[in-house]
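Dock chain G against the given chain X, drawing on the hints supplied.
2 protein chains.
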Amino acid sequence: MKIESVDFFYFSIPEVLDIGDGSQDALLVRVRAGGYEGWGECEAAPLPSIAAFVCPMSHSACKPVMASVLDQPLNDIADIARINRLVRRNSFDLLQADHTLSGIDVALWDLLGKRHNEPVYRLLGYERAYAKTAYASVLFGDTPEETGAKARAIRAAGFRAAKFGWGPFGLGEVTVDEAHVRQAHAGLGDDIAMLIDAGTVWGDDVTAAIARLPVLAECKAGWLEEPFVSGALDAYAALAQAANARSDFRVRLAGGEGTHDAFMARHLIDHGGISFVQIDTGRIGGITTAHEVAQYARPLGVTYVNHTFTTPLALSASLQPFAGIESDVICEYPIDASALAQHFANETLAVDGTGQVHIPDRPGIGMTPNLDAIRPYLVPVEITVKGKLLYRTPEL
Amino acid sequence: MKIESVDFFYFSIPEVLDIGDGSQDALLVRVRAGGYEGWGECEAAPLPSIAAFVCPMSHSACKPVMASVLDQPLNDIADIARINRLVRRNSFDLLQADHTLSGIDVALWDLLGKRHNEPVYRLLGYERAYAKTAYASVLFGDTPEETGAKARAIRAAGFRAAKFGWGPFGLGEVTVDEAHVRQAHAGLGDDIAMLIDAGTVWGDDVTAAIARLPVLAECKAGWLEEPFVSGALDAYAALAQAANARSDFRVRLAGGEGTHDAFMARHLIDHGGISFVQIDTGRIGGITTAHEVAQYARPLGVTYVNHTFTTPLALSASLQPFAGIESDVICEYPIDASALAQHFANETLAVDGTGQVHIPDRPGIGMTPNLDAIRPYLVPVEITVKGKLLYRTPEL
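Protein sequence lines, in the order shown, are assigned to chains X and G. Going from the first sequence to the working numbering is simple: count from 1 and add 982. Going from the second sequence to the working numbering is simple: count from 1 and add 982.
The list cannot tell twin chains apart, which means a pair is met if one copy fits it or any two copies do.
Derived EDC-like pairs: lysine to aspartate or glutamate, alpha-carbon spacing no greater than 20 Å straight-line:
hint : residue 1 : residue 2
1    : K1202     : E1160
2    : K1368     : E997
3    : K1370     : E997
4    : K1202     : D1172
5    : K1202     : D1173
Rather than coming from a laboratory, the hints here were simulated on the basis of the structure. A quick note: this is a predicted structure, and the numbers were derived from the prediction, not measured.
Same shape as in the complex, but just chain X:
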């Protein structure tokens, strides 16, 4: 079969707030081929990602993503890998292309899964999917007390792990951060793993990060995530060294959500000293590239974790690449998502009574968009170049 159509749908809640909540909009991709339909999601700015799909060619290495996808043969998983390489090759001067590719790649896997009547993780060669311990992923409260309340609610909901991130953390005094971390720890209790996400707030300032190590060690944080931007390998390495040198408790580092190709993720592992590599299939180039990173990390003793802060559809897509790796035990699970994200899919991906998430045993990624529920959030877009309509939001 051939790829007959690739359609992008931009959704947004009516009023997007200036907070670290990535579920406020969504970019859904629908691919059709041979009577089958696959769905994927880009975890990316919708408008530039659509523009990267439809834009006119600039030169031979700066082509629209469309040029490497439409009309391509799609018969087996080798075709997905080939299309992935083709996009990278033909669009490597088009920066946004990696994000656009990501949602398309997920949709291609979903489509082939439906055709072969297999979950994507089986197509990836995994015999079975292991349930993952969900960590409830939330933003820090505006005050330490609010953070404490969130922690108690997460405990009450039965989660076995929780991550607090963004919000005020890292922006002000060390003592304020210490109060947030202690409240989070107290609210969760000793038996629930506490993870802390700095959201790249320190840029590449190692000193600022080191100042937070004592409270993280005191509260036995399971990891410190994204102290720095993804490229700050030296800063990551220096902080890892400082953390490992402590005699009380070893705070391990996590990072990688900002990576948009396998090389960047490998550099964080090889040169950044991270213990957990966090990959968003909606950014790194889809399931193909994410799976490559999972395979790279495994023999090096680095734990692969999904990054997901959007919809259940994106969550399932992010779980497939490491579904069959038993030692990769935890997964990110957004619990404060927007109404858009909460109603996004027809199926649910719930946490069971023991805090585990079970990867769907359905064909493809096992999740489909609930079109009636999300249609009210559809954002109409039109892009015209030289009087020619290059993009108009398709019928859904």
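Leaving out everything else, chain G in the frame of chain X:
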């Protein structure tokens, strides 16, 4: 003063060909503040770059570039650095933002240069600008004979160095590449430096690159550029090791044009074993980030070189960051540029009789767009989201 307006203008020749010629379109940026006007250029896909400027916010780390630029105070060069950091921070999940920022940053430097009546290189702290030896930058011919003819023409034109890249090189048999390199070398003669650009054709395939080392050593190539994609640090390091181990001639590696922040460029230096770091101010984040890389490279003995394959305006912007570093002796100089690029600027940036380029001693980047000449190439664009016009090509 405050940044009052930032306007983007997309130009293109009527028919863009599927060749490695980056001068077929251009994205010009005009910034206005306090009665002054600055010009810059993004070396980027125009439509996605415009979309990255105007798109709706997705969340706190995925804002349109516009949000961090418009209305910002602009009084001295510290403000440019601050705006640069602000864009990276507010838009770090918007992949295309670095390319959009690049042209804006150049325009901000140009504007401040005009205000202070100083060339940008002086604002950067350089006492003077050293003339650079231009290397004529051309695509390989379709046949070895055609490559030879190009080489003879470059010699006749008085250049002291030349670079051949892209086209058929690296795509087929080693013997074909050998013929191209030998023809280039013979056409130039022993006294003119020959540089070879593989245009990332081997991805991260070290074996393919090593197979070309003998002919490059035989013909004393000044460098082998971009054998691999920018992220393939291990492949770069392995090839550098193989090249250094040869007893006949040391082929040095060059790379970096694909980097879109200072970290990526530093990684190529620190972990990739390159001897020349090639930076495009229109991609890496503008003159601010390019200058940072030039300063980083210098004490490490790595030569900084501009990457430019577009207009004279972009060329001058790319020369400023290393204008005052005497030991960085060469510069890229496109000679086969499109009619659009050739007529782009009011001023010329010519090569003198000894093959040298003199960086303009005029305020700012010293180049202004020739509006009458380029207006016929202007590409009208309209972007509408939720019925609201977010972008329409401004009056020029």
